[in-house]
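Enquirer: Please build the complex by placing chain Y on the supplied structure of chain H, with the hints as guidance.
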Amino acid sequence: MTDGWVPEIRPTDDLSAEERRRLVESMRPEDAEPVPELHEIDVPAALREQIESAMSKYPEIRSASLPALWAVQRHYGWCSPEGMRQAAAVMGVTPGYLESVATFYDLFHTNPVGRHRVLVCHNLACWLRGAEDVLDAFCGEAGVDADEADHIGASSEDGEVYLRGFECMGACDIAPMASIDERYYGPLNPDDARAAVDQLRSGEDVLPDRALSKRQAAGGPEPDPDPRVAAVEDGS
Amino acid sequence: MAHETRLLFRHIDEPGLASIDTYRGLGGYRTLERAVKEIEPDELLNTLEQCGLRGRGGAGFSMGKKASFLPRGDMEKFLCCNADESEPGAFKDRELMAKNPHQLVEGIVIAAVAAGTGQTFIFVRGEYAEVADTLDLAVAEAYAAGYAGDDILGTGHRVELVVHRGAGAYICGEETALLDALEGKRGNPRLKPPFPAIQGLYGGPTLVNNVETLSNVPHIVRNGADWFKSFGTEQSPGTKVVSVSGCVERPGNYEIELGIPARDLIFDLAGGPPEGREVKAWFPGGSSAPVLTAAELDLPYSFESMADAGSMLGSGSIIVADENVSIPHLALRTARFYHHESCGKCTPCREGTNWTVKMLERVVSGEATPMDLDVISSVQDNIIGHCLCVLGDSMAMPVGSMVAKFRDEFEAAIEVGRDAAPHPLDESPTDVKPVPLGAPS
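Heads up: the protein sequence lines correspond to chains H and Y, in order.
The first sequence lines up with residues 1 to 236 when you count with the working numbering.
The second sequence lines up with residues 1 to 441 when you count with the working numbering.
Think of the hints as simulated: they come from the structure by calculation, not from any bench.
Quick caveat: nothing in here was measured; it's all calculated off a predicted structure.
In this text, a Cβ means the ideal position worked out from N, Cα and C, and glycines have one as well.
Mixed in with the good hints there might be a few duds.
Stated by the list, open to error - Keeping only pairs whose Cα atoms sit at most 35 Å apart, straight-line, the calculated DSBU-like set for lysine-lysine is:
#1 H:57 with Y:345
#2 Y:185 with H:57
#3 Y:65 with H:57
#4 Y:65 with Y:192
#5 Y:358 with Y:405
#6 Y:229 with Y:192
#7 Y:192 with H:57
#8 Y:65 with Y:185
#9 H:57 with Y:37
#10 Y:37 with Y:65
#11 Y:185 with Y:358
Said to hold, decoys possible - Which stretches of chain Y does chain H cover? Using the computed rule of at least three CB atoms under 8 Å from a CB of chain H, they are:
#12 56-65
#13 78-89
Here chain H stands alone, though its shape is the one from the complex:
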């Protein structure tokens, strides 16, 4: 809504609040979507509650962008334009702002993806231990193109499995590893990968004996404490 108004060229510090508002308004493309009105949008109650609870935790509302996008993704399965519009309405920001944030981060999906997310690490430590074969086995079993999965991610035709070659996820001790529905599994071989896809499709527990949560420290059982550690523990 510029109605032909052209700002005078002078330092923005000197502008009044009204002039500043019009300046910002004039710089906005005509088709930019404004902040959606909350009362005009139907936001699922559970989603709204999650976003509002996140907003209350931070000194500034915008800090809730990431938690809000996580909530949208959990609710709809991906960061859908409609979901981001709803979150934007609750937060009082433009949908474009949330979209700009969502596209920056690898874990937010701005396109629909398969129901189970499998991220296969293809970074150094996993690559050194055969990650390429594991990714190929996952892709072969799920019936997706390995090259596409490795670079941009791909979903199987039945919509059950989404596969993506991913950068280091911080579990090089179980290399080669994969994150399946946000839980870590490894070390994997191609047979494990094929079994995992079948288990995901049939709804069974995935690779129960490969779960990271069951792994003990690499150094083995607790050794005798160092004398300096033992001394202070006795004293307490």
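Expert: This is chain Y only, laid out in the frame that chain H set:
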């Protein structure tokens, strides 16, 4: 025979350690109680400065000194625990948080009291969903027990603690990008100075520390600076959790005293490469550290000795490549990662990582000439030090070091690749004969 010295990893596999009752049963939270009730914040800060603890996130800067940079006064100050451990090869923070979250919470609260920061955050990377759930539970338990909140144990100290989940971006481990991500923006690094200690989160003074650094705090406050200095070397005091991965028999986290020979760590503790193979190259501090060779395995593993060898200890993550690994392919893998993760804000990094990947692809596919290796080196030289953050440097240093130390292998790869290429350069791929210039058509 090298051995572990478990301080942070003490009782790491104790069943139920992640719950507050087990942690308290092993003496946990007593230090916090003493710190808020009996010790003045200035004295706490002094202890942290005296102990010489160096940041465990990568830069190795003195933790106490960093905390002392925060301005005094009544303004709102912040503490962020950097749990966005994304460096390839690093996984120590994951194990520390997943198995002993209360040690971290206790450390954060004590550090927050010492530095006078009322609002604290744990920025945990998005991939660590399981860890984030564990931390959420631990923080809720700490609040319920009065170890965090408005009025800690009735002493009037206020420390609020929020677990913030990232969403998958390596760059958010850089402290100013982390602050942007925490403010709900795209995680782009900021220009420094001003450093976060002066102007950080929401424009307020902010202390950013790594998980392992903060997990050390309860032990230091409990036992004193001199006790802490009895571990490790003079310039690198304390223990260090080292993540060893790649071509070794027993990859994993090992807690050692800094200063033991790297060979002991890689061979005695992690089991060395598979039977019959030799170490060819190793990254001493995650994939952004310049690689070292087998000849440098006997160096002591400490901040100062790794720096003297032209590399760095970084976050303390060793990745071992054995003799079967092709260094040009290793360089390409490394460069691809940084190319993917570059945020795109600074030109040398955005373009430099892209061109390095393209040139290395040419090296392994046989389309390069040995002259390209000089171009690769010069691109790396033009990245280092020319960006807002060190992401570009993190590619330039290892790739540059690989080209410098294994140049023969790159040249051989170029030759081998050229022979294997479907259309060697000296043969025309088609039957079309070149038309001499000026000839009538």
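Enquirer: Does each hint hold? Answer for all of them.
Expert: Evaluation of the provided hints:
Restraint check for residue 57 of chain H and residue 345 of chain Y: the C-alpha separation of about 30 Å stays at or below 35 Å, so the hint holds. A C-alpha spacing of about 17 Å is found between residue 185 of chain Y and residue 57 of chain H, which places the hinted pair at or below 35 Å, so the restraint holds. For the suggested pair residue 65 of chain Y and residue 57 of chain H, the alpha carbons sit about 30 Å apart, so the restraint of at most 35 Å is met. As the CA atoms of residue 65 of chain Y and residue 192 of chain Y are separated by approximately 18 Å, the hinted pair is consistent with the 35 Å bound.
With a CA separation close to 21 Å, the supplied pair residue 358 of chain Y and residue 405 of chain Y stays within the 35 Å bound. About 32 Å separates the Cα atoms of residue 229 of chain Y and residue 192 of chain Y, which keeps this hinted pair within 35 Å; it holds. Under the criterion of a C-alpha separation no larger than 35 Å, the hint pairing residue 192 of chain Y with residue 57 of chain H is consistent with the structure, at around 28 Å. Taken as a hint, the residue 65 of chain Y and residue 185 of chain Y pair is honoured in the structure, with Cα atoms around 29 Å apart against an allowance of 35 Å.
The hinted pair formed by residue 57 of chain H and residue 37 of chain Y meets the criterion: a straight-line CA distance of about 27 Å does not exceed 35 Å. A hinted pair counts as satisfied when its Cα atoms are at most 35 Å apart, and residue 37 of chain Y with residue 65 of chain Y qualifies at roughly 24 Å. The hinted pair formed by residue 185 of chain Y and residue 358 of chain Y meets the criterion: a straight-line CA distance of about 30 Å does not exceed 35 Å. Coverage of the region 56-65 of chain Y by chain H is violated in this model, with 0 residues showing a Cβ closer than 8 Å to a Cβ of that chain against a need of three.
Counting residues of the region 78-89 of chain Y whose C-beta sits closer than 8 Å to any C-beta of chain H gives 5, which meets the bar of three, so the coverage hint holds.
Hint 12 alone, counting from the list given before, is not met by this structure.
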